[in-house]
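Participant: Using the sequences and the hints, build the whole thing.
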Amino acid sequence: MSTDETTAGHIQELRRGTVVLACLVRLRQPDYGYALLESLNALGILVDANTLYPLLRRLEKQGLLESEWNTEEARPRKFYRTSPTGDSLAAALTADWHRIDDALARLTGDER
Amino acid sequence: MTTLTDRYIWAATRSVRESQRGDLERELRERIGDESDALVETGLTPAEAERDALTGLGDPVALAARYVDRPLQLIGPRYYLAWWRLLKLLMAVVLPFAALGITIGQAVSGAPIGGIVGAVIGTTISVAVHLAFWTTLVFAILERTPAPADRRGFDAPWTIDMLPHVPEPTKTARRSELIGSLVFLVLFAAVIVWQQFGIRWVPALESIPVLDPALWSFWLPYFLGLIVLEILFAIAVYAWGWTWALVAANLALNVAFTVPALWLFLTGQLLSDAVLDAMRWPWGEAGPIVATIIVAVVIAAGVWDVVDGAIKTARRQQRSRVTAAA
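Chains as they are written, first to last, in the working numbering: chain A, 7 to 118; chain B, 1333 to 1658.
Hints may be right or wrong, so weigh each one.
Facing chain B, a subset of chain A residues (Cβ under 10 Å, in silico) [said to hold, decoys possible]:
1) Gly15
2) Gln18
3) Ala41
4) Leu43
5) Ser45
6) Ala55
7) Tyr59
8) Pro60
9) Arg64
10) Trp75
11) Lys84
12) Trp103
Keep in mind that the hints were calculated from the coordinates and are not lab data. Built from N, CA and C at the ideal position, the CB exists for glycine as well.
Facilitator: Structure below.
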């Protein structure tokens, strides 16, 4: 495995949990897959469509998201919204993210 | 007319369960439509955009598997170790028996040596393939069997009580093993030589060779040679402790001993005619039963010897791993 691949792999690992948090927070406003993807990428949260769509399904299966089909327009779209369970998970994840950030900041000290 | 999208969705949805198809199809149509639209906005024609969007989705079956959270590996980490341990155990237990069984069967039916070797190799390979295939099939099905939350199939959680015992095969313990082996082997060699002069304390067998004297042309020296090798082997085990190479050597020695011995016994070449006469062999209906018991005991002893060595090796490795970890 080349250094680039190793780096990419670790960056992906680091981002994995943050994508879940971003989705849970962002979907407090209901939205559909592609719009969510666009808005996350616009915010600088880089996520691949092949990761995001299956992730939304999984979060729904775990009861963290709720979904509803919007058939008012020509193309039916599945709108996801964060469930109350998802909301409390988002709060827990946010708290943990801050804790990790503080800890890593202390660890890296003046390097930042 | 079917579009590329229709074909893609058909390919993706037919690989999932009927009940999931409707949902998956609608979701894929939404995604493909949205991604195509975005590509059209960058200046592609609708046809090019559709093609690019579908290419971006990748293999439809892999995509569907990710969507419905189905494993893309035959056996996942949850079952891998159980599968691997069981497979090794089955191979170690079944293959030697299969090889020995077929050897004996062929020898009894009077097949030539070449035929026996061919049959043993062929049958052992096919038994190994069957073992691997069926074991793997069962685990692949388990991997895909939905079970109540948090538990799958026979899932047995690991507990501290399952830790193997660390044996104490220090050199002292190995020394007594060595002495036992050497005494036995030397006595065995002595018996092979002495039997030539009869069994003194059995009047009927006094001064009659027990084993067929014709065997001195090849087989008895062969067995004496094997005993020498066994002695060297016992010393090697004492010096280095059990290793997998020694287990293999032990297996080879056991096969080299047991197979010809049984073959000679079953083809009536082992015992001398004088002894058979003195014993009034064959003993009517009891003859085949006695012969079967002897064969079974000899095979069991050989198999046990090999398995015992393998167990000692496995324990030793586990122990050295524990020591290394500490």
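Participant: Look at each hint and say if it fits the structure.
Facilitator: Hint check results:
For A:Gly15, the suggested interface contact is broken, since its CB lies about 18 Å from the closest CB of chain B, more than 10 Å. Hint status for A:Gln18: violated, given a least beta-carbon distance of 15 Å to chain B, over 10 Å. A hinted interface residue such as A:Ala41 counts as satisfied when its beta carbon comes closer than 10 Å to some beta carbon of chain B; here the least separation is about 8 Å, so the hint holds. Taking 10 Å as the C-beta contact cut-off toward chain B, the hint placing A:Leu43 at the interface holds, the least distance being around 9 Å.
At its closest, the beta carbon of A:Ser45 sits 13 Å from a beta carbon of chain B; the interface hint therefore is violated under the 10 Å criterion. Evaluation of the A:Ala55 hint against chain B yields a held restraint, the C-beta minimum of about 7 Å falling below 10 Å. Satisfaction of the interface hint for A:Tyr59 is found here, the shortest Cβ-Cβ separation to chain B being roughly 6 Å, below the 10 Å cut-off. Restraint check, A:Pro60 versus chain B: the minimum CB separation of about 4 Å is within 10 Å; hint holds.
Hint status for A:Arg64 relative to chain B: holds, with the closest Cβ pair at about 6 Å, below 10 Å. Interface hint at A:Trp75: satisfied, since its Cβ lies 7 Å from the closest Cβ of chain B, which is below the 10 Å cut-off. For A:Lys84, the suggested interface contact is upheld, since its CB lies about 6 Å from the closest CB of chain B, less than 10 Å. For the restraint placing A:Trp103 at the interface with chain B, the shortest Cβ-Cβ distance is roughly 25 Å, beyond the 10 Å limit, so the hint is violated.
Hint check: violations occur at hints 1, 2, 5 and 12; the rest are consistent with the structure.
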